[in-house]
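Residue numbers (this note's numbering), protein chains in the order written: chain U, 1 to 216; chain E, 1 to 246.
In case anyone wonders, no lab produced these hints; they're calculated from the structure. Incorrect hints may appear among the rest.
[Claimed, not checked] When the alpha-carbon atoms are kept at most 25 Å apart in a straight line, the in silico DMTMM-like pairs for lysine to aspartate or glutamate are as follows:
| # | chain 1 | residue 1 | chain 2 | residue 2 |
| --- | --- | --- | --- | --- |
| 1 | E | Lys71 | U | Glu151 |
| 2 | E | Lys71 | U | Glu36 |
| 3 | E | Lys71 | E | Glu39 |
| 4 | E | Lys71 | E | Glu83 |
| 5 | E | Lys71 | E | Asp33 |
| 6 | E | Lys71 | U | Asp196 |
| 7 | E | Lys71 | U | Asp181 |
[As the list claims (entries may be wrong)] Coverage of chain U stretches by chain E, computed from C-beta distances (three or more under 8 Å per stretch; other residues unrestricted):
| # | region |
| --- | --- |
| 8 | 144 to 153 |
| 9 | 201 to 208 |
It should be emphasised that the depicted structure is a prediction, and the values quoted were computed from it without experimental measurement. From the three backbone atoms N, C-alpha and C, an ideal C-beta is built for every residue, glycine too.
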Amino acid sequence: MKRNDGFGPEIQRYLDGDGAAEVPADERARADLLAEAARAYGESLPPLDARLDDAVMAALRARTPLVAPTGWRWFVAPQSVRIRPVLVPLVAAAALALWFLPRGAVQDAAPTSGAVAAAAPHDTVFVRFDLSAPDARGVAVAGSFNGWRPESVQMVRGVGGVWSVTVPLAIGEHRYQFVVDGQRWVPDPTARALVDDGFGGRNSVIVVGPKGVVRS
Amino acid sequence: MSGSGIRRLVALLLVCPAALAAQGPDVPARLADRGLPPELAQRVLVVAQSAVARGLPGDAIADRAIEGWAKRIPPARIVAAVEQYAVRLGDARDAVGQAGIAVPPPEMIVAAAEALGRGLGPVQVGAVVHAARTPGAVAPGLSVVTALAAEGLAPDAAVGVVVAALRDGRSVEQLLDMPSNARAMRAGGMEPGEVGRRMMRGGGPGGERPGGVGPRPQGLPPGMPPGMPRQGQPPSPGGHRPPGGG
């Protein structure tokens, strides 16, 4: 046996009790000597407590994991998900329903429900409103399309005192009036006919089609 | 995720749209948001709740009150107006019901009420409702009737034009283009009666289309006056005159 090479295969077979191992006599004697020394050392050690295994396992069970799977760690850590394949089309159908149905609900719930809006919000036409009011300090347009909020659509004064603004309107019918100087509500003079607003005034009506706008 | 968790998720996804659709806008919150005094808001809410109990759209009541408050109408007149409007909504619901729709959607009731308020009779409203192939076509149909009447067509003629178009299956977009076509024909010097006859035959401002009422070719109607909008271009009305001397 060489010092730095450890036991050779034949020596290991001999130490493992293989009597057929081919080991020279001098090597066998040294191996026996080492084996006897190891056995004597083992016998000199104090005996282990018989309850050691139970104590170690109990300590492991009571030990808190070093990284709790909470918060962000839960999202970034790999997780096992069990899904029944039959539920996949149901989830897809529900997602489609979520995508389509609430749009109509939101549209119905809009404050402009007084307008006879006839199409989805994306079916809009840019409509220009004009009013000649040279002496006005400010003009706005308010109607069923903006919840009758004059402050939401302010018009801009142009040449000759003509106030104008361009508003995207959903195709359909809308009622409106101009608001001059924040307090005087006036119908659109270019509208062909006016409708009673129920308060003693007259609303202008605009019918917005894909290719045309009629103020009636 | 467990099987029961998946089932809960699926149930939630299925229920959410229905719940959202059933949710109406909060009328008291809307009235308060627009600054209506509590006493006025309460009186409007009573009218709205009474309307809802009769199957009428309470949101339309709130809209009318908000319009009045924005116009600085005295509260007493606002209450009177919304009460009158509720009556008209009931008449509209009856007119629609007589046309065969037992539970009309709110938009249809509102559109019918607007039509009644602009001079159409229950029979005329019912004719449009009856001719519409889809509930969504009723509101634009009624709107077009009144718009055509504003162009000078007799109410019965306007109803006839729209009923024919609805029975022919014209789209909402095509319906809503009819007033501008009528305006163009009127601007070209055509008498209202001739406008009605031409539209009944499916003709536009450029002439009659063989085959009567039906889907007409898409495109910009020829002969539109300068005030009519072009696609992708804001419409610009014709002349201007000061409003009420302002």
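Do the hints match the structure? See the list:
| no. | hint | in the structure |
| --- | --- | --- |
| 1 | E:Lys71 x U:Glu151 | holds (13 Å) |
| 2 | E:Lys71 x U:Glu36 | violated (111 Å) |
| 3 | E:Lys71 x E:Glu39 | holds (18 Å) |
| 4 | E:Lys71 x E:Glu83 | holds (18 Å) |
| 5 | E:Lys71 x E:Asp33 | holds (16 Å) |
| 6 | E:Lys71 x U:Asp196 | holds (14 Å) |
| 7 | E:Lys71 x U:Asp181 | holds (13 Å) |
| 8 | 144 to 153 | holds (count 5) |
| 9 | 201 to 208 | holds (count 4) |
When held up to the earlier numbered hints, the structure conflicts with hint 2 and nothing else.
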